[in-house]
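A.B. asks: Use the sequences and the hints to build the structure in full.
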Amino acid sequence: MLGSGILQGLAVTAKNFLGSYHDPARYTTVEYPEVKQQLPEAFRNFPFLVTENATDPMGTLRCVACQICEKECPPQCIFIEKSKDKKPDANGKLQIYPVVFAIDTSVCMSCQICVEVCPFDAIKMDQVYEIATTDRFDALLLNREQLAKPNEYFHQIHPTEAAEVDARLAADRKAAEEKAKAAAAAKAALPAKPAPAPVAKPAVVPPPTAPQSPGPAA
Amino acid sequence: MIATLPPAESWLERFPLLVRDWITGHLPESLGWLAVSLLAIVVILAAFGLLFAYLTLAERKILGRIQNRPGPNRTGWFGLLQPFADGIKAVTKEDVVPREADAVLHFLAPVLLVAMSLLGLAVIPFGRHLLAANLEAGVLYFFAAGAATELAVFMAGWASHNKYSLLAAMRALAQLISYELPLLLSVVPVVMLAGSLSTTHIVDAQGGWTFGWIPHWHVLTPWGFAGFVMFMIAALAESNRSPFDLPEAESELIAGHLTEYSGFKYALFFMAEYFGMCGLSAMAVTLFLGGWQAPCAFLEFIPSYVWFTAKLLTLLLGFIWIRATLPRLRMDQLTRLAWKFLVPLTLLNLANAAFWSLSAGWSGPMHWVRWAIALTVVVGPFLLLGRALTAGVAPRTYRYA
Amino acid sequence: METPEQIRDRLLARFPGAQVTVVVNGSPSAQHSLLVDAAHGREMAGFLRDDPVLKLDQCSNVTGVDWPEKEVVETRKTTVPDPAGGTPKIIEEKSKRIEPGCLEVVYHLFSVALRHGPVVLRMRTGNRTDAVTLPSLTPVWRSCEFQEREVFDLFGVKFDGHPDLRRILMWDAFKDHPMRKDYVEPDDYEWEPTPHGDVLAKAKKHFPAPAAPAAAPTPPTATA
Amino acid sequence: MNLTFALIAFLILASAVLAATRRDLIHSALLLVGNWLGVAFFYLWAGAEFVAFAQALVYVGAISMVVLFAVLLTRRMRTELPLLVATRDRVVSAVLGGAAVFGVLAVAVLRTPLDTNPAKPAGSVSMLSLGQQLMGPQAAAVLIVGVLLTVSLLGAVVLASSDADGKEGAP
Amino acid sequence: MQDLSPGGAHVRAVHDEFHGDLLEVSMGPHHPSTHGVFRMVVTLDGERIVKLKPVFGYLHRNHEKLGEGTSYLGSMPYTDRLDYLCSMTNNWAYAVAVEKLAGLTVPERAEYVRVILAELTRLLNHTCLAGFLMQDCGCSGTPLMYAFREREKILDLFESLSGSRMMCNYQRFGGCRVDPPADWLARAQTLVDGYTAFLDEFEALLTGNEIVMARTQGVGCMSAALAVSAGVTGPALRATGVAHDLRKVDGYGVYPRFNFRVPLGAHGDVYDRYMIRVLEMRESVGILQQALAGLPGGPIMNPAAKLRGFRPKAGEAYGRIEGPKGEIGFYLISDGSPNPWRYRVRPPSFINLTILEDMCLGHTVADAVIILGSVDIVLGEVDR
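Residue numbers (the numbering used here), protein chains in the order written: chain A, 1 to 218; chain B, 1 to 401; chain C, 1 to 224; chain D, 1 to 171; chain E, 1 to 384.
Just so you know, these hints were derived from the structure itself, not from any lab. Don't take each hint at face value.
[Claimed, not checked] Derived list of chain E stretches under chain C, where covered just means 3 residues or more per stretch with a C-beta under 8 Å from a C-beta of chain C:
1. 96–105
2. 185–195
3. 224–235
4. 300–314
5. 320–333
Quick caveat: nothing in here was measured; it's all calculated off a predicted structure. From the three backbone atoms N, C-alpha and C, an ideal C-beta is built for every residue, glycine too.
C.D. replies: Right, dumping it as structure tokens:
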């Protein structure tokens, strides 16, 4: 019959009209400013630098300015300047630290490749999306101080990932201590040998190029 | 005006008359007719102005709800101030007139369109005593007032001096002219059966109920229902609404003949469209749905103007519902639908109404024969012409590799 | 599906005057290609399309490749027998040779009818400056029309026999061909807060004053 | 003379004069439509409602479209129409033609006895009597007009379709 | 065979017999129904289209020159920006090409996850296409809103897996970046189970609708020979009756393990292209059910694959998959350095537009809008 398709269509729209009053599946609007949508844990938007504790952010920065992320970032929006001197990091080893670590958030596309390639878990993805500013230049160029956020914040936004990272770091720290203890024990075991044997160079700063295989959670 | 007041009127029914007499009481007798007509004009403008305002809001909210979203709810409580916000926006927006545009025609088009669509409301009986102008040829007056809309649309399209507006003006004319015919032809049976061109007579002809609850509305007769459906289809086309909103089809010619309009003139065009829609729906209610007649005898206590408003609102919601569902017809399909489908069917409907009035006297078994004949004359040609119209068009089955 | 070698032999048999060589592909994908000379390009393409065994009726992909001049250092080792009967000495002569560059167009042909492919066809222009015309394969496969226009637009290869050879992506007034390796970007440098590498050089050229964005660099008020 | 009558007469005459003198064809066409509307008001004033609404419906609704389409399809619409040189014999023939037409009309108007009483004529004609009159003695005239209109409609359709056959390519 | 090129006899025949003065209308680049910045210079004789010149390049970012400037991994997030509706299939096509170039194998679980994500993207793209097409036909937003309601559910799945709704950057060479957790798979299962109900409601609204059928049947017909010769791929090709679906032809990934059918049209008009996509969605739901059921355990990433310092041997490779819009392929030439020597994208939308003029000749402006809508183009992929 000529009009049957049209009537069927009208029936569908009527069902949706009535459904929108009682069936939550047919009323999908989230009224943004009042009701904030619950973000999934894996949501990523703009990176941030992880610091061990909140009290002294610049002191306990995990980043060692190895500039891997600067090279690997597709739109080249990270700018790092190494420090001349060294400073002990979380587990006591002397590390270089970045004097300047600037990310231009007008260029960054939150693709999280920097997080993937960072061997020191120093940079992670944040979940901020309300960061509109009126200035085109300075406000979008986040320097080291604005980027640094404590590890607790990392646990807040990415709980599972943060737990895995901490577990892995703790395991590395324990392995580093055993190696140091073993080296100390070995040195103590042969004090009688004359000293002229050339002293093994102190543990050179682990070359940053040894990439850890990206853990399943990275 | 109305000679005598029927005695068994509830005071609610006569309430508008009391108000009118109270107001005209203050003025000297000689200015009486002027005061009454001015009052009628003010009431109609106020009522239909508010109806237009809240019709735009209702349209956006219903469209929203159908599309699983709330519709405007930010301005005022549940978005009730949205029409006034739109109004202020329309007024404050700059009214850009293109340099080569024909300023006189460019200005005159929306004004003419709104004036013509408002004029038509004068003859519609909103209630037992609510009638602005009781003309003997009320229906003819309504369509005479509506005839100038084509002129206004052409002026809008031509004055904008713009390629798109010119094309759209031509389309609009073709559409309005080809749908004027079925619109008028579907009204002729009603005038023939009611025996008069005056709207009050037509509404009175639909009074009374059989078995107390089946009203004598024209829509409940076979020819009346067919006439009503065709009148509504033609009304959709006349007011450029959903399946026929070709002139300002966004997907093709931007805003059609409205491209060069902005600010309040643009709002005027929409006001004219909505008044046209209200006018045609009001006429449909008067002609087919028994105007202000109550559907059943025991519901008579509810005042007549309430019934009229209820029917008018259901028709308008039908317009919005159709707009939310149906896609747009192409230009040639639209005119083919008018000339090859609606015009023949309305002519047949005329013959059917003639048979219906001649066979009024049949009673007993002949009563059912009369209904059977009338129904076949409605349904038969509809199916035949329908098959001819949708010759090459059918749902298809698909093979799989 | 035939191996590239078999196809080459049949092509040479079919078109005696043509040169067809197989270009070996080093990657494990082993998609070796047929280098065809420009003169007989279109006849061979027609043959590949109409041949009942191959029936390559879909040219899926047309790509332009730019091979600029390359300085090839060849070391030829010659063993000179020591007149005194000692161990023969190996003299290495390094000879520098400038390999002429060319613009290359690669066609990936597939058969929708027989469901096999890809047969990779390559054509090379004489050089990168003036002899840059190649026969257009649009009359053989209609899909080459837009893709050849793109190769013309971005690489500058002129296709004779193309029904409508115009620029497709860049605007008509654009002069150079951007995908060539020696393409010089227009100097429309805008201020970038974190310039480094070659962008840093450009930044220094335009805004000499601030050395490096130690502190957040204030954009220079004086426009460059 | 009655004020409204004078107003309506002025509207009709003004729009007619303006229509004749306007340079822009579309403006003159629209003024012509204004003229017809004036005539409709005149009928209303004279009390013949049916004729007034019929006039408005037919002239302002339909015939205005015919005029506008005719104006549109002439080629050089907006540019100045090339004014022919007002040679002497053209002017003379124009004046003579005009005078002849005016003379005939003037004689007709003066000879017919008009009831110039400004008051409304006795009782406006009721719709019912008009209908019976049309269907009764005047039925032949109505049928002839109907046949004439149908023939013209069919003629238009044949003309239009023959033009369409020229480039049949509709999907 | 009929000379089908634009200058050919068939097309010139239509040009020559027009008469009367022509009206040249430029639709786009800023036009509500050209799906992005795409412009058609249309020459009209009254209502009928006599000539149609597509104009591209408004969104041209020279994606391929960027690809030559960054490492292989660096280009992966840029592939999301090609066809920004289907980022998962773009990623997969690039990953397949690089894996073919470097000879990397992909673990079982990653292949299954790739199939699941590709079929979800196909559902998303075809639903959106049906919504946009009906929007061009004139429905005031209702089918589009229903389509977007379902699309949001799929995008929520992508967001909770890869971190971003549309710019997923999820595939790597030799596997995937993140292993989908159990609750994600459960949510995916509920979505797939509810999808056929949505499809039935969607078809009830549109497929039987007389106005939709009248507007789309017999409009923009494409012959099978012309389609194959013009390199048209995807649902538009299958609508002309040519059984060419890379999932069956190449049998890449683990598609041979699933049994699914490939719907074929007969007329190659707009209605067929719409119906083929709706039927393909039903097949995709079938594939998803089988893939979710048969998802094996094991690693998500090939341990041998190196993330940084990835230098494939000198050579070239052309990898292609059946994207929702057609055959999307990547042609890579490597010279042994970490950056590719030549990085070429085979864009299905761009090539499907080759015969837009042939389809639109003789139709009206309203049809041209629908024909363009049914070809399903996304300007990010057309202009690259």
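A.B. asks: Does each hint fit the structure? Answer for all of them.
C.D. replies: Hint by hint, here is what the structure shows:
{"no.": "1", "hint": "96–105", "verdict": "holds (count 4)"}
{"no.": "2", "hint": "185–195", "verdict": "violated (count 0)"}
{"no.": "3", "hint": "224–235", "verdict": "holds (count 7)"}
{"no.": "4", "hint": "300–314", "verdict": "holds (count 3)"}
{"no.": "5", "hint": "320–333", "verdict": "holds (count 5)"}
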